[in-house]
Amino acid sequence: MPKPKVAFYWNASCGGCEEAVVDLNEKILDVVAAVDIVFWPVALDFKRKDVEAMPDGSIAVSFINGAIRLSEQQEMTEMLRRKSGLVVAFGSCAHLGGIPGLANFTTKEKIFQRAYQLSPSTMNSEGTYPIELYQSDGHDLTLPRFFDQVLPLDRIIDVDYYLPGCPPPVDLIVAAVMAILKGELPPKGAVLSPNKALCESCERNAAKPEKLAIKEIKRVHQTELDAEKCFLEQGIVCLGPATRSGCGERCISANMPCRGCFGPTDQVKDQGAKFLSSFASLLDTNDETEIQKLVDTIVDPAGTFYRFSAPVSYLRHSK
Amino acid sequence: MFDKNFEPKIVGFLCRWCSYQGADLAGTSRLEYPPNLTPIRVMCSGRVDPSFVMRAFAQGADGVMIFGCHPGDCHYQEGNYKALRRYTMLKKMLKQFGIEEGRFRLEWVSAAEGERFARVVAKATEEIRELGPLNWSKVREAQYA
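As you go down the protein sequences, you meet chains A and B in turn.
Under the numbering used here, think of the first position of the first sequence as 35, with each following residue one higher.
Under the numbering used here, think of the first position of the second sequence as 1100, with each following residue one higher.
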């Protein structure tokens, strides 16, 4: 029996998700023994035309990481969708928009200005910007279109499963691959990680006081972090209450608060609003001026509460 | 451009104990105020989850108002203080999304303040009218695909 075919692809991402696949270490041998990898730009020399030549539906599963920012990413993603039985959105960016999704708080014009003109290491006195079509000597040179916003994978194509995380942890990847190979699949659209809040599996939860009362909001570089106490108790923004569990508490174990890369649980649509709801209610004052003072100390609430999930929030982007 | 004919859509969350009664009083007292506010009765202003507000804006509201009991008067003792904390933080965050401050308001209205209810709704309607339509679902959406 031929082995099932698997593809990996990357869109707007940092390469960390590819790294996560490599991090399977010797477990990757089990994966390779069970499947044929037919497309993986970061590691194998297959080209776009090779995928184009495959019959529709011939790839068993495509793992696609990264958000959608360019028309080329949309094309590749749509093609892989046609060629694949299953598509898994792999990692925070494909799942939620991720860190690239923070760009939704600015505009395409401002991003281009910064990248091609204003950044300190750039000399561009003629104001040259990338354009989609350049014609020279009868030749057309084209670049993909840069969309005005960053999109999660499921705004472009139908997604079967989501593997959350920045990047997804090895045990979840292995469990997902094995479940797919055995055909033991959860309902379509499932996020392949436990549907409970991180606080439920957090080791620091047991020692947390009955009532959290935040008198001062601190940032991680402004204070010495207690390695045992709940971060919220220390006045540190920790997205645990509004974030899905299953990451193995990698950040918490390294004495860093949760930043929310797993996204919300199934019951919640808007992670940032939900976190704001719980966090604001913990502020230990009823005085209008005092509340304002505390709120003023949060430098970037949108970027902090929606660090990974702005493109899937209700508002999706700024005006 | 300021269009005086523009009729803003405003979603209002009214606490069941004070503000909804206040709104009722405005009605039974035959007070006139603009019809732009769609009232939604909630048990307490502290029940208003910030995601209700985000969703209202995302689905086409030009303004969102939360109405609660005056500080100290909450039927559940602290609910309106929770609303105040959330409101203060959410207002700052909405600004980062480009939503003008005037579009999101918190007002204290007691059951006896029908006149105040009519006044704050009239004021909000005029100020949001001046800000113009928000039209969130159209913002930036035509730019891809």
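In short, the hints are calculated from the structure, not lab data.
We treat Cβ as the ideally placed atom computed from N, Cα and C, and that holds for glycine.
Hints may be right or wrong, so weigh each one.
Unchecked claim - Some chain A residues well away from chain B (every beta-carbon gap over 12 Å; in silico):
no. : residue
1   : Lys61
2   : Ile71
3   : Arg116
4   : Lys230
5   : Lys242
6   : Gln256
7   : Gly306
8   : Leu317
9   : Glu324
10  : Thr338
What the hints assert, rightly or not - Derived pair list, reagent style DSS-like, types lysine-lysine, alpha-carbon separation capped at 27 Å:
no. : chain 1 : residue 1 : chain 2 : residue 2
11  : A       : Lys303    : B       : Lys1222
12  : B       : Lys1103   : A       : Lys327
13  : B       : Lys1191   : B       : Lys1237
14  : A       : Lys303    : B       : Lys1191
15  : A       : Lys245    : A       : Lys216
16  : B       : Lys1190   : A       : Lys61
17  : B       : Lys1222   : A       : Lys142
18  : A       : Lys39     : A       : Lys249
19  : A       : Lys252    : B       : Lys1190
20  : B       : Lys1190   : A       : Lys327
21  : A       : Lys144    : A       : Lys230
22  : A       : Lys353    : B       : Lys1108
23  : B       : Lys1237   : A       : Lys353
24  : B       : Lys1108   : B       : Lys1222
25  : B       : Lys1237   : A       : Lys249
26  : B       : Lys1191   : A       : Lys142
27  : B       : Lys1103   : A       : Lys144
28  : A       : Lys252    : B       : Lys1222
29  : A       : Lys249    : B       : Lys1190
30  : B       : Lys1237   : A       : Lys327
31  : A       : Lys144    : B       : Lys1108
32  : B       : Lys1191   : A       : Lys245
33  : A       : Lys303    : A       : Lys222
34  : A       : Lys327    : B       : Lys1108
35  : B       : Lys1194   : A       : Lys144
For each hint, the structure was consulted:
1. At roughly 38 Å, the least C-beta separation between lysine 61 of chain A and chain B is larger than 12 Å, which holds for a residue marked as non-interface.
2. No beta-carbon of chain B is positioned within 12 Å of the beta-carbon of isoleucine 71 of chain A; the least distance is around 30 Å.
3. Residue-level check passed: arginine 116 of chain A sits 17 Å from the nearest beta carbon of chain B, beyond 12 Å.
4. Against the 12 Å criterion, lysine 230 of chain A stays outside the reach of chain B, whose nearest CB is about 19 Å from its own CB.
5. Every beta carbon of chain B lies more than 12 Å from that of lysine 242 of chain A, the smallest distance being close to 20 Å; the non-interface claim holds.
6. At roughly 19 Å from the closest C-beta of chain B, the C-beta of glutamine 256 of chain A stays outside 12 Å, upholding its exclusion from the interface.
7. Its beta-carbon lying about 7 Å from the closest one in chain B, glycine 306 of chain A breaks the requirement of being farther than 12 Å from that chain.
8. The claim that leucine 317 of chain A lies off the interface is violated: its Cβ sits roughly 5 Å from the closest Cβ of chain B, which falls inside the 12 Å cut-off.
9. At the 12 Å boundary, the C-beta of glutamate 324 of chain A falls inside the reach of chain B, the nearest C-beta of that chain being 10 Å off.
10. For threonine 338 of chain A, the condition that its CB be more than 12 Å from all CB atoms of chain B is violated, with the nearest at approximately 9 Å.
11. With a C-alpha separation of about 33 Å, the suggested pair lysine 303 of chain A and lysine 1222 of chain B falls outside the 27 Å cut-off, and the hint is violated.
12. For the hint pairing lysine 1103 of chain B with lysine 327 of chain A, the CA-to-CA distance comes to about 37 Å; that exceeds 27 Å, so the pair is violated.
13. With a C-alpha separation of about 23 Å, the suggested pairing of lysine 1191 of chain B with lysine 1237 of chain B holds against the 27 Å cut-off.
14. Of the pairs offered as hints, the one joining lysine 303 of chain A and lysine 1191 of chain B holds, with about 21 Å between alpha carbons and a cut-off of 27 Å not exceeded.
15. As the CA atoms of lysine 245 of chain A and lysine 216 of chain A are separated by approximately 45 Å, the hinted pair breaks the 27 Å bound.
16. Under the criterion of a C-alpha separation no larger than 27 Å, the hint pairing lysine 1190 of chain B with lysine 61 of chain A is inconsistent with the structure, at around 48 Å.
17. At roughly 36 Å between alpha-carbon atoms, lysine 1222 of chain B and lysine 142 of chain A are farther apart than 27 Å, so this suggested pair is violated.
18. Of the pairs offered as hints, the one joining lysine 39 of chain A and lysine 249 of chain A is violated, with about 55 Å between alpha carbons and a cut-off of 27 Å exceeded.
19. Distance hint between lysine 252 of chain A and lysine 1190 of chain B is fulfilled; the C-alpha atoms sit about 20 Å from each other, no more than 27 Å.
20. For a cut-off of 27 Å, the pair hint linking lysine 1190 of chain B to lysine 327 of chain A stands: about 14 Å separates their Cα positions.
21. Between lysine 144 of chain A and lysine 230 of chain A the alpha-carbon distance is near 38 Å, which puts this suggested pair outside the 27 Å criterion.
22. Only pairs whose Cα atoms come within 27 Å are accepted, and lysine 353 of chain A paired with lysine 1108 of chain B is accepted, the gap being roughly 18 Å.
23. The suggested pairing of lysine 1237 of chain B with lysine 353 of chain A holds, with an alpha-carbon distance near 10 Å, which does not exceed 27 Å.
24. This hinted pair checks out: lysine 1108 of chain B and lysine 1222 of chain B have alpha carbons roughly 14 Å apart, not beyond 27 Å.
25. A distance of roughly 40 Å separates the Cα atoms of lysine 1237 of chain B and lysine 249 of chain A; the hinted pair therefore is violated under the 27 Å criterion.
26. For the proposed pair lysine 1191 of chain B and lysine 142 of chain A, the alpha carbon gap of about 23 Å is at most 27 Å, so the pair holds.
27. For a cut-off of 27 Å, the pair hint linking lysine 1103 of chain B to lysine 144 of chain A is broken: about 32 Å separates their Cα positions.
28. For the proposed pair lysine 252 of chain A and lysine 1222 of chain B, the alpha carbon gap of about 38 Å is over 27 Å, so the pair is violated.
29. Distance restraint check for lysine 249 of chain A and lysine 1190 of chain B: the Cα-Cα separation of roughly 20 Å lies within the 27 Å cut-off, and the hinted pair is therefore satisfied.
30. For the proposed pair lysine 1237 of chain B and lysine 327 of chain A, the alpha carbon gap of about 35 Å is over 27 Å, so the pair is violated.
31. Annotation: proposed proximity of lysine 144 of chain A to lysine 1108 of chain B is violated, straight-line Cα distance about 31 Å (limit 27 Å).
32. About 26 Å separates the Cα atoms of lysine 1191 of chain B and lysine 245 of chain A, which keeps this hinted pair within 27 Å; it holds.
33. Pair hint lysine 303 of chain A plus lysine 222 of chain A holds up; C-alpha atoms about 17 Å apart against a cutoff of 27 Å.
34. Restraint check for lysine 327 of chain A and lysine 1108 of chain B: not satisfied, since their Cα atoms lie roughly 32 Å apart, outside the 27 Å limit.
35. Between the alpha carbons of lysine 1194 of chain B and lysine 144 of chain A the distance comes to roughly 18 Å, so the proposed pair stays at or under 27 Å and holds.
When the structure is compared with the earlier hints, violations turn up for hints 7, 8, 9, 10, 11, 12, 15, 16, 17, 18, 21, 25, 27, 28, 30, 31 and 34 and for no others.
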